[in-house]
Amino acid sequence: MNAHQATGRVTEDELHAYVDGQLDGNRRLAVERWLAEDPEAARRAEDYRAQAVLLHEMFDIVLREPASDTVQELSDRLKGRIAFNDNRPAWHARPLVRFAAAVMLVVAGATGGWMGRGVDQQAGAPVAQQRQTLATFAQEATQAHRFYTSDERFQVELGADNQDELNGWLSKRMGRDVFGPDLGRVGYRLIGGRSLPTDLGAGAQYMYANDGNKRITLFVGAPQSGNQSNFSFTQNGDVATFYWVEGPLAYALAGRLSKEELLEIAKAVYQDVKAGPPRREPPPEQQQQQQQQPQPQQQDHPPGVQPISDTQKAKES
Amino acid sequence: MSKFGVDLEVHIASLRRYARALLRNSADAEDLVQEALTRAVARADSFQAGTNLRAWLFTILHNVHVNQVRSKAARPQEVDVADVESKLVSPPRQEERVELREMMRAVDELPEEQRKVLLLVALEGLKYDEVADMLGVPIGTVMSRLSRAREAVRAKLANEGGVTLRRVK
Numbered sequence: 001m002n003a004h005q006a007t008g009r010v011t012e013d014e015l016h017a018y019v020d021g022q023l024d025g026n027r028r029l030a031v032e033r034w035l036a037e038d039p040e041a042a043r044r045a046e047d048y049r050a051q052a053v054l055l056h057e058m059f060d061i062v063l064r065e066p067a068s069d070t071v072q073e074l075s076d077r078l079k080g081r082i083a084f085n086d087n088r089p090a091w092h093a094r095p096l097v098r099f100a101a102a103v104m105l106v107v108a109g110a111t112g113g114w115m116g117r118g119v120d121q122q123a124g125a126p127v128a129q130q131r132q133t134l135a136t137f138a139q140e141a142t143q144a145h146r147f148y149t150s151d152e153r154f155q156v157e158l159g160a161d162n163q164d165e166l167n168g169w170l171s172k173r174m175g176r177d178v179f180g181p182d183l184g185r186v187g188y189r190l191i192g193g194r195s196l197p198t199d200l201g202a203g204a205q206y207m208y209a210n211d212g213n214k215r216i217t218l219f220v221g222a223p224q225s226g227n228q229s230n231f232s233f234t235q236n237g238d239v240a241t242f243y244w245v246e247g248p249l250a251y252a253l254a255g256r257l258s259k260e261e262l263l264e265i266a267k268a269v270y271q272d273v274k275a276g277p278p279r280r281e282p283p284p285e286q287q288q289q290q291q292q293q294p295q296p297q298q299q300d301h302p303p304g305v306q307p308i309s310d311t312q313k314a315k316e317s
Numbered sequence: 001m002s003k004f005g006v007d008l009e010v011h012i013a014s015l016r017r018y019a020r021a022l023l024r025n026s027a028d029a030e031d032l033v034q035e036a037l038t039r040a041v042a043r044a045d046s047f048q049a050g051t052n053l054r055a056w057l058f059t060i061l062h063n064v065h066v067n068q069v070r071s072k073a074a075r076p077q078e079v080d081v082a083d084v085e086s087k088l089v090s091p092p093r094q095e096e097r098v099e100l101r102e103m104m105r106a107v108d109e110l111p112e113e114q115r116k117v118l119l120l121v122a123l124e125g126l127k128y129d130e131v132a133d134m135l136g137v138p139i140g141t142v143m144s145r146l147s148r149a150r151e152a153v154r155a156k157l158a159n160e161g162g163v164t165l166r167r168v169k
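Going down the list, the protein sequences come from chains Z and L. Take 1 as the starting number for the first sequence in full-length UniProt numbering and just add one per residue. Take 1 as the starting number for the second sequence in full-length UniProt numbering and just add one per residue.
Excised from the complex, chain L in its bound form:
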């Protein structure tokens, strides 16, 4: 059985999940992955056999995203958090929904640089040095962003049940 085939499937599934978590919109996320893969195909020759395929793919995705954000900066889009939430959360039972909604909001309210690190580490399981390379920051920066993100989310979830503002980003 080809380990490579499964690895690539896993990495691409991982890219899609990360893109969705980052952009919170399935069409935008799929577009981002599509553009990243287009670039990966074009640059496949530059991939060194035996090196870290996952890190290579995530780095491409990150760079594409940074460029997209730059080019979209002139025309910001507004998405109501509530609209997106209803599409994202699978039809769960009532008690789960509240917890997930709180978590969703807490993650949304993080500064993007912290949100990225939290998602890459806690959701995608990337190593700290992979995240540092990918974002082009020192590993100490990765650790402090991770720590701040986790504590901020923790503080928000601890306040669960209090009145929270519905934020429109």
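Next comes chain Z alone, as it looks inside the complex:
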């Protein structure tokens, strides 16, 4: 295999390594260039990724099932035997931690090849890299949406009965001020939120429901490069996602809705986020940015870069 030359021909193995996130930065760019020019190869990569998504849909349910008592006990014993640096044995026994671990696995697994992209931000074209990071982010948001709307028991970690408490708690987790916008004017009410551990740092997921119990989620994260961007759209199976960057935070709104329906809600979120949290003065720089409000715009195929996650075949809407 003639790897390790940015101009070298892409090999079969590299296509797999690309899909599996096991390629270094230079070769990844070479594969992306190839995929942009070779629709058949792009379809294969997309199909391979879709297979991984299906595998997760089939088997991630195991992560939500409690382990047998024996397995649990053995896990704890193993931890005791090799937990050389762990002097806080009570901590890992908390169910929330177990669940957070399972979620980390879901998110890391589901995003597959896109994880670790943040590591070599400096290499390659920054704009393309940022798009990729955002595509990763959108993918995580979509998967988190799928995961938490699939089982009502786990839909939120903290309810929205006390929104200040919810926002304060998530802001603390994220290390930044975040809040769940009021979407009452588009028919959705906040039901709660959760903090999600991802490889790119803590993320916050707010969940909303309408009167028909249709649920949408707003995923907020802190990308490494935070330039403003237009709305981007991605469709993964039946889940539609709009994502964009505003100030230091990236937002992804996901739902099983048509693109048009979701766009209306995304605009409402955008305006609310612009206006800042309720009962708080927006910082001055945010008011200045009001002038350059980006127009919603579709970016399904950025030139030269064709994130696989953006080319999943759209169905049902």
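Derived from the structure by calculation, the hints contain no laboratory data. C-beta atoms are modelled at their ideal positions from N, C-alpha and C, and glycine is treated no differently. Do not rely on the hints blindly, as some may be mistaken.
[Said to hold, decoys possible] Each pair of labels, with its calculated beta carbon distance range: (1) L:Gln-68 <-> Z:Lys-267: 53 to 59 Å; (2) L:Thr-141 <-> Z:Asp-24: 18 to 24 Å; (3) Z:Glu-12 <-> L:Arg-70: 30 to 36 Å.
Fit chain L to the known structure of chain Z by using the hints.
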């Protein structure tokens, strides 16, 4: 916060998912994980601090599985695919179900050596060299099994909608 605690939780959750995907039966899968963890506890002293805990655990699980298959070879079990499917798939909406069922069948029909590689890489996110070490095969073998598995599944999913045989294994 102890990173180790979370890591171990993640790895064990991963082992359980892989075991289920491989065996397709929740009791058998839990038994396999249980036996692997029993062995891991017994051999914990042989684990070198700072080395790859996940690979270590998966290798133990793999070896236990190989031994189980060997000892069970004399008394094969028959499981109807349809029976297992209904237990595995979470109550989904109609359109998802068909796709998942096709995928399930396509994966089931893979030779075990290909199925293992596909699950380890695409579901569990193991590195190619970890899979090679774990299975005791060259990395080139891992790549060719992966490639064949993905193309076989792809071909089957492309035929989706055609008449497919319900296989009993």
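Okay, the hints, checked on the actual structure:
At about 56 Å, the beta-carbon gap between Gln-68 of chain L and Lys-267 of chain Z stays in the expected band of 53 to 59 Å. In this structure the hint that Thr-141 of chain L and Asp-24 of chain Z lie 18 to 24 Å apart at CB holds, the actual value being about 22 Å. Distance hint check for Glu-12 of chain Z and Arg-70 of chain L: the Cβ-Cβ separation is about 33 Å, which falls inside the suggested range of 30 to 36 Å.
Checked against the numbered hints listed earlier, the structure breaks none of them; every hint is satisfied.
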